[in-house]
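Colleague: Fit the two chains together into the complex; they arrive one by one in their own frames, and the hints show the way.
One line per chain: the protein sequences are A and B, in this order. Mapping of the first sequence onto my numbering: position 80 corresponds to residue 80, and the numbering continues sequentially without gaps. Mapping of the second sequence onto my numbering: position 14 corresponds to residue 14, and the numbering continues sequentially without gaps.
Note that these hints are calculated values from the structure, not bench results. Model, not experiment: these values are computed from the prediction. Please note: incorrect hints may appear among the correct ones.
As the list claims (entries may be wrong) - One side of the interface only, derived from the structure: several residues of chain A facing chain B at Cβ under 8 angstroms: (1) Phe-39; (2) Pro-82; (3) Ser-85; (4) Lys-111; (5) Pro-112.
Claimed, not checked - Here are the simulated DSBU-like pairs of lysine-lysine, each with C-alpha atoms no more than 30 angstroms apart in a straight line: (6) B/Lys-80 x A/Lys-99; (7) A/Lys-68 x A/Lys-5; (8) A/Lys-99 x A/Lys-58; (9) A/Lys-71 x A/Lys-5; (10) B/Lys-80 x A/Lys-71; (11) A/Lys-58 x A/Lys-94; (12) A/Lys-42 x B/Lys-79; (13) A/Lys-99 x B/Lys-79.
Claimed, not checked - Label-pair distances were calculated between CB atoms; the ranges are: (14) A/Asp-79 x B/Gln-73: 40 to 50 angstroms; (15) B/Asp-71 x A/Ile-18: 43 to 53 angstroms; (16) A/Gly-83 x B/Arg-108: 21 to 31 angstroms; (17) A/Leu-109 x B/Glu-59: 29 to 39 angstroms; (18) B/Gln-62 x A/Val-54: 37 to 47 angstroms; (19) B/Asn-30 x A/Gly-16: 40 to 50 angstroms; (20) A/Ala-29 x B/Thr-100: 17 to 27 angstroms; (21) A/Met-78 x B/Asn-63: 44 to 54 angstroms.
Cβ coordinates follow ideal geometry from the N, Cα and C atoms, glycine included.
Residues per chain, in single letters:
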Amino acid sequence: QQQVKQSPQSLIVQKGGISIINCAYENTAFDYFPWYQQFPGKGPALLIAIRPDVSEKKEGRFTISFNKSAKQFSLHIMDSQPGDSATYFCAVSKAAGNKLTFGGGTRVLVKP
Amino acid sequence: SQTIHQWPATLVQPVGSPLSLECTVEGTSNPNLYWYRQAAGRGLQLLFYSVGIGQISSEVPQNLSASRPQDRQFILSSKKLLLSDSGFYLCAWKPGDFNTQYFGPGTRLTVL
Chain A
1 QQQVKQSPQS
11 LIVQKGGISI
21 INCAYENTAF
31 DYFPWYQQFP
41 GKGPALLIAI
51 RPDVSEKKEG
61 RFTISFNKSA
71 KQFSLHIMDS
81 QPGDSATYFC
91 AVSKAAGNKL
101 TFGGGTRVLV
111 KP
Chain B
1 SQTIHQWPAT
11 LVQPVGSPLS
21 LECTVEGTSN
31 PNLYWYRQAA
41 GRGLQLLFYS
51 VGIGQISSEV
61 PQNLSASRPQ
71 DRQFILSSKK
81 LLLSDSGFYL
91 CAWKPGDFNT
101 QYFGPGTRLT
111 VL
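The shape of chain B in the complex, shown without the other chains (with noise of 0.2 angstroms):
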């Protein structure tokens, strides 16, 4: 069966500084990939997707930038971290074929 995995699960940051959250897939291959954020109380920001390795399409123009060095891990960073970066940080991903997507356990991240 498929899991997926995201870490660290919370994150305390200061503004200014930089960024890198994981995701990776297990039980599949050749994925699409998905980073979406959530401000609280509110609904699913699509940020970056991809359909392959290095293949990566931006939804959101932002200091965020994503990266998918191998199939099955997909890597969210920024440089300076914002104030308004803050929020559920969520990754999913689907099979190739079906329009089922399917999310992880989501990364608290806050910029203080």
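Looking at chain A on its own, in the form it has when it is part of the complex (with noise of 0.2 angstroms):
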């Protein structure tokens, strides 16, 4: 059972643009909400992450927008530009857990 579906797997944006990418999730047990971005050939690096008693909460450029009641949330890049061209995962987890849940990944590429 897949327990988080990130869309688009895929996503081409031209220079100042805005990238949306979206995650849905079953669980209403989670109450943790990371965005991963990864470069190739590199780790995966903390992006910004949120809890469900923000709606919204912003860092630079990048956004993530949570709707508890509708059990998704997704991350916005205003002004995308080249070097924000990685793969992006979402994730979930449970309060005090151990365990990150990963959606599958978008990979994102911001055309000059």
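Modeller: Structure representation (structure tokens):
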């Protein structure tokens, strides 16, 4: 059973555009929702994370929007730059949980 | 500050040979430790995790094993490699009381 569904699998956006990646989950016990960024040949790095007590969190050009009732959260990359070209993974975790469950990943290509 | 190391960075091994990958974390104590595998262009598959010395939880049955001989050392092993063991192996750690996992640089394993 796939606990986290991430879409789209790939995304092409023009420089300066907005990249939007969506994740949906099933288990309402999840309460930690991070996004990771991975460049080719590197380990994933934490980009931004949110907990369900807020509906939005912004860090620079990256914003997480969280819809608790719909059990969905999304990553918005504003003013996308070629350096943002990477694979992005969403993940979920339970309170004080030991494991993260990852989405399948989205490959983002920002064209100059 | 905390640092995670993995070695070797790359490895080419023949089918049927043994494997030993090492991961160490600096600057923290009693971390949770994780081994993931990532096939080319794919998502992150959790293989093993450990909440303490000698405590190993296996997520996927296979010909791999893990050990934690010291608090900040995590080892991934195999007695006989298969072609399907090729991939990008990632070690991660997290503080015991928090959800965020931090990934190492990874080991690229090619089994020929």
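Colleague: Next step is simple, just say for each hint if it's right about the structure.
Modeller: Verification of the supplied hints:
{"no.": "1", "hint": "Phe-39", "result": "violated, 11 angstroms"}
{"no.": "2", "hint": "Pro-82", "result": "violated, 20 angstroms"}
{"no.": "3", "hint": "Ser-85", "result": "violated, 15 angstroms"}
{"no.": "4", "hint": "Lys-111", "result": "violated, 20 angstroms"}
{"no.": "5", "hint": "Pro-112", "result": "violated, 23 angstroms"}
{"no.": "6", "hint": "B/Lys-80 x A/Lys-99", "result": "holds, 28 angstroms"}
{"no.": "7", "hint": "A/Lys-68 x A/Lys-5", "result": "holds, 15 angstroms"}
{"no.": "8", "hint": "A/Lys-99 x A/Lys-58", "result": "holds, 25 angstroms"}
{"no.": "9", "hint": "A/Lys-71 x A/Lys-5", "result": "holds, 11 angstroms"}
{"no.": "10", "hint": "B/Lys-80 x A/Lys-71", "result": "violated, 43 angstroms"}
{"no.": "11", "hint": "A/Lys-58 x A/Lys-94", "result": "holds, 22 angstroms"}
{"no.": "12", "hint": "A/Lys-42 x B/Lys-79", "result": "holds, 27 angstroms"}
{"no.": "13", "hint": "A/Lys-99 x B/Lys-79", "result": "holds, 27 angstroms"}
{"no.": "14", "hint": "A/Asp-79 x B/Gln-73: 40 to 50 angstroms", "result": "holds, 42 angstroms"}
{"no.": "15", "hint": "B/Asp-71 x A/Ile-18: 43 to 53 angstroms", "result": "holds, 44 angstroms"}
{"no.": "16", "hint": "A/Gly-83 x B/Arg-108: 21 to 31 angstroms", "result": "holds, 23 angstroms"}
{"no.": "17", "hint": "A/Leu-109 x B/Glu-59: 29 to 39 angstroms", "result": "holds, 31 angstroms"}
{"no.": "18", "hint": "B/Gln-62 x A/Val-54: 37 to 47 angstroms", "result": "holds, 39 angstroms"}
{"no.": "19", "hint": "B/Asn-30 x A/Gly-16: 40 to 50 angstroms", "result": "holds, 46 angstroms"}
{"no.": "20", "hint": "A/Ala-29 x B/Thr-100: 17 to 27 angstroms", "result": "holds, 18 angstroms"}
{"no.": "21", "hint": "A/Met-78 x B/Asn-63: 44 to 54 angstroms", "result": "holds, 45 angstroms"}
When held up to the earlier numbered hints, the structure conflicts with 1, 2, 3, 4, 5, 10 and fits the remainder.
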